[in-house]
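Student: If you want the building blocks of each chain, they are given just below.
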Amino acid sequence: MAHPVDAGIEDEAVPTASGSDHPRRPWRAYFEASFGFRNHWYPAFFSGQLAEGECRGQVMLGERILFKRIEGRVYAIEDRCVHRGVPFSVRPECYTKNTISCWYHGFTYDVRTGALVAIITDPESPLIGKVRLKSYPVEEHKNLVFAFIGDEAPPPLVLDLQPGFLDEELAIYPNGEHEIVKSNWRLAAENGVDASHVYIHRNSALINAARRPLPLSSYFTTREGMVIDQDGAPKGVVKGAGRRTSVWETEIEGVKVTSQYRPGINTDQSNVTNTSLWLPCGLKVDPFPRPDTMQFEWYVPHDEQSHHYIVTWGKRVKNEYESQQFFREMEVIWKELVVHRFNNEDVIAREAMEHFYASEDGWNQEQLYRPDMVIAEWRRLASKHNRGIQHQPGPKARV
Amino acid sequence: MAHPVDAGIEDEAVPTASGSDHPRRPWRAYFEASFGFRNHWYPAFFSGQLAEGECRGQVMLGERILFKRIEGRVYAIEDRCVHRGVPFSVRPECYTKNTISCWYHGFTYDVRTGALVAIITDPESPLIGKVRLKSYPVEEHKNLVFAFIGDEAPPPLVLDLQPGFLDEELAIYPNGEHEIVKSNWRLAAENGVDASHVYIHRNSALINAARRPLPLSSYFTTREGMVIDQDGAPKGVVKGAGRRTSVWETEIEGVKVTSQYRPGINTDQSNVTNTSLWLPCGLKVDPFPRPDTMQFEWYVPHDEQSHHYIVTWGKRVKNEYESQQFFREMEVIWKELVVHRFNNEDVIAREAMEHFYASEDGWNQEQLYRPDMVIAEWRRLASKHNRGIQHQPGPKARV
Amino acid sequence: MAHPVDAGIEDEAVPTASGSDHPRRPWRAYFEASFGFRNHWYPAFFSGQLAEGECRGQVMLGERILFKRIEGRVYAIEDRCVHRGVPFSVRPECYTKNTISCWYHGFTYDVRTGALVAIITDPESPLIGKVRLKSYPVEEHKNLVFAFIGDEAPPPLVLDLQPGFLDEELAIYPNGEHEIVKSNWRLAAENGVDASHVYIHRNSALINAARRPLPLSSYFTTREGMVIDQDGAPKGVVKGAGRRTSVWETEIEGVKVTSQYRPGINTDQSNVTNTSLWLPCGLKVDPFPRPDTMQFEWYVPHDEQSHHYIVTWGKRVKNEYESQQFFREMEVIWKELVVHRFNNEDVIAREAMEHFYASEDGWNQEQLYRPDMVIAEWRRLASKHNRGIQHQPGPKARV
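Residue numbers (this note's numbering), protein chains in the order written: chain E, 92 to 490; chain D, 92 to 490; chain W, 92 to 490.
Don't read these hints as lab results, they were simulated from the structure. Don't take every hint at face value.
As the list makes no split between identical chains, a pair holds if one copy fits it or if it spans any two.
Below, computed lysine-lysine pairings styled on DSSO-like, alpha-carbon distance capped at 27 Å [claimed, not checked]: (1) 409 x 221; (2) 426 x 273; (3) 188 x 347; (4) 225 x 188; (5) 409 x 426; (6) 409 x 233; (7) 347 x 221; (8) 233 x 426; (9) 475 x 233.
Note that the coordinates shown come from a computational prediction; the quantities given were computed from them, not determined experimentally.
Construct the entire structure; sequences and hints are all you get.
Tutor: Here it is in structure tokens:
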């Protein structure tokens, strides 16, 4: 391998054993997962985006999915009629509570099961009762709707979520942000957990408004505590455990480059933000943006070149009143500052990497460095603990 | 084959003989014809779109073609200079009646033959008289200009037209509609002859305006009379012969779904519309939209992802006065109602199928049902009676 | 080969020796050079486009390059951070005179050498001093900045320039035109030197304004003096040496086609414009547009489908006063007339060829004719004297 090596990162990546067919073999599964990992739970949208009786179509991991809310519960099936493949969501049409009928020829499915229960244009068709669309397991918690994309029996949702997200006392802001961002989901996930990317936020309005101390960089030199992979629990990597190295000042050609707002003394370890990234694609930043709230993000694969970026916040509350107060404060004060004037820097960074990784062999040409240890650990963890690689969806899944 | 089978359609498609290399072998030629069928006549444009002495460029089956009207007659040649391949139609330039000169270097062709007759920038060139562009046989009838795309000697135009179109007493409306629609031509043709797609028109303004009885579906359960393939005559499939099954009402989860406007008794067979589809790509709907007019449509392959959709109407008339009255009525009353408020539903349906068939292996993944028998017959007929498959046009045809 | 042959062009192209694996073997290298030729100097931009301390990113031959001016001198390195491949030019950031820092993680490079000299987010990184971006040799003369794209030691710039361009007494207009044109660079170069393409300019405002005599065509029938390929000097082809054939009139079907403005007698050889094309991609038109000025053009490969078109003018002057007067006159009178109302015809022609050459096998399907002898010679010369073929840039160059 011709790469100059940053000891500690590259050593990780390159197995010494002969017989390796790829210089970065422990990450191979991850490198293949341009459409994401199969057999995992993913957030689809916020609860408020789907009212009783309504339908919505959405692409996840390249699959076209139709959601409908029936008696409060959300169900999901392929958004693609078995007959000629048109999406129901082009012109959603429901004659009854439990069904959707294709607007083209009236193929009618029970959205709870995917079963073809009627064909309006051929009521006696022998296909009725025999054909079935793929249906997706769905769960709804904390104002978010989750779908399981895969073929296996779904594990408990909690295994695919950032720890604590489902805790009873945690109120989740129901009106978070979501947008399609033009980069592969992995670039987004890696930027999320990137130990030293704090540097891109140095001029963010959020920092300036609060005159908030922010180091130029903050990372860990030991992998102790970095990887969380106990059986029967979410798998993730944590930035924020262990001994932290923070950079407040550096020098270039004799010119000092310093953090804009610095604390009187060096960083107060007790007040440090912990960031962690969890399979399949969820981030947790705790605390952020306030000492008593935490931020949750997801980078759901949309297609090979883009991901669905979902952001919201949580806070431990004692009662409904505190909940409502928290929601109001997020709405009025924080949403704009965090999403549009802070996270936006991350969106720019993810999109700026896309060309290199998509067209210039970036996965093999990149040069990681010491603060990327958490990224290297994430890739290793993801390669090892994912439940399958999603391939270009094309042929219709048959059940 | 893993598909659930709708008896009567799938049985047709799957030959029982061993040795079949494709489950839908009788349709193989059709499945390959993404650019259309070669050695057929196709309508190009309405006569009124090309005045005396004028030129127009058009893409048909992926080929770039230049048309010019000379002393009333329309001729067609490649729209691509033999020298460096630029289209004449970028800047059409005619110094004389019979010729077009390339605006780039003055290569001048007789549009009647394709022969290079002069080069303005090299009048003594040895190429003159030796080089020839492909020329296309052209015929003009009933206010439409037709071109023959192929290499063989063209058969009579009448063999590639909907029967009756050239009948002397048939007046054809000269100002029909035409647009490029973003779906492969086959999806358009199949939607045209689709027995049960009437369902998509149930809310059309045309139906509502007339409170016109329209079943939810109407199809045939026997192939008797469905296929027209006598020697020396147009080849097509007919929807409208034989015993018709009409669906006026069906039930989903106990909820009745009924046709919006129903006749007192069941459908009056004597007043039924017959729809038929003819090689290479012409539809006839008779009568429609009025009891004494018929509708003609064509889905001319443009490129792999789009077709040129042409629509007009015909009526049997006794004299010029009746003709003019018919034209006026189409213009004032019917054109908007039919084209923009009825056929538009078909355009949406064709485009909604494109993704599945182009990117998700739809030709092999689709699940036809009983009313699609006419589509299955069309595919079989087209596979058997086409005169050649058009492949991606690239290299220039040399004569 | 099925092509009708225009003696003198095709004979050149087709080697009689057996063993030829391509009918146009002497041009093979040229036909492969869709991204241009490697190991040559190319103009990048005008000096005035980069002030002291500023940065600009530009794509040349498919490579992303960052330029910075330091103490008056321009340097160039890859515009792609070694770490994760983002372009510096997305958000250029310079803490010191000699460096650029990546806006993402603060990787800081000496722009003079490409060396990684600091990492703001990991000041002690072992990568510092060990990693280096590709740096590009740069020269700046006559208000233009040139970069050497390649791996070899660069030859003197003068070898890759139109002869005379660097002459001391030649003032070069500093505010020339530049735009991205949507055609491959070779189509542009060939149109530039095309002997008979003068035909497309026959209705140009420049010609009409001056009532300037302009033949329909003007070309050479002998290759004597056409090819300039002495050792140690620029390599090019010249249109304008030898005996010229000018066409002022021709006839089509008995109709006379004549030049709009003709001199009383035939062309005055002493006042004829000489056009020449030089490796790698520079044109010289002398004199033009006035008897005492010459025009310089470049068609720098941008990517496979487009080139960077750069135009300016030169005049021999005695002092600064004459220079300024010349610049003023170009600015006020000529720039608009020449660039937007004359050269624009060339832009249309280049773009009109692109489809044929890119998608219809135009390089093998074209039919050259006698006036194209200079193009044939150019292809032969370029195939023989280029210093390497640029391939699709992808993997990062490592130093």
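Student: Hint by hint, say whether it matches the structure.
Tutor: So, going through the hints one by one against the coordinates:
{"no.": "1", "hint": "409 x 221", "in the structure": "neither (50 Å within a copy, 55 Å between copies)"}
{"no.": "2", "hint": "426 x 273", "in the structure": "within (22 Å within a copy, 40 Å between copies)"}
{"no.": "3", "hint": "188 x 347", "in the structure": "between (67 Å within a copy, 13 Å between copies)"}
{"no.": "4", "hint": "225 x 188", "in the structure": "within (19 Å within a copy, 61 Å between copies)"}
{"no.": "5", "hint": "409 x 426", "in the structure": "within (22 Å within a copy, 66 Å between copies)"}
{"no.": "6", "hint": "409 x 233", "in the structure": "within (15 Å within a copy, 74 Å between copies)"}
{"no.": "7", "hint": "347 x 221", "in the structure": "between (73 Å within a copy, 22 Å between copies)"}
{"no.": "8", "hint": "233 x 426", "in the structure": "within (18 Å within a copy, 53 Å between copies)"}
{"no.": "9", "hint": "475 x 233", "in the structure": "neither (29 Å within a copy, 59 Å between copies)"}
Checked against the numbered hints above, the structure breaks hints 1, 9 and satisfies the rest.
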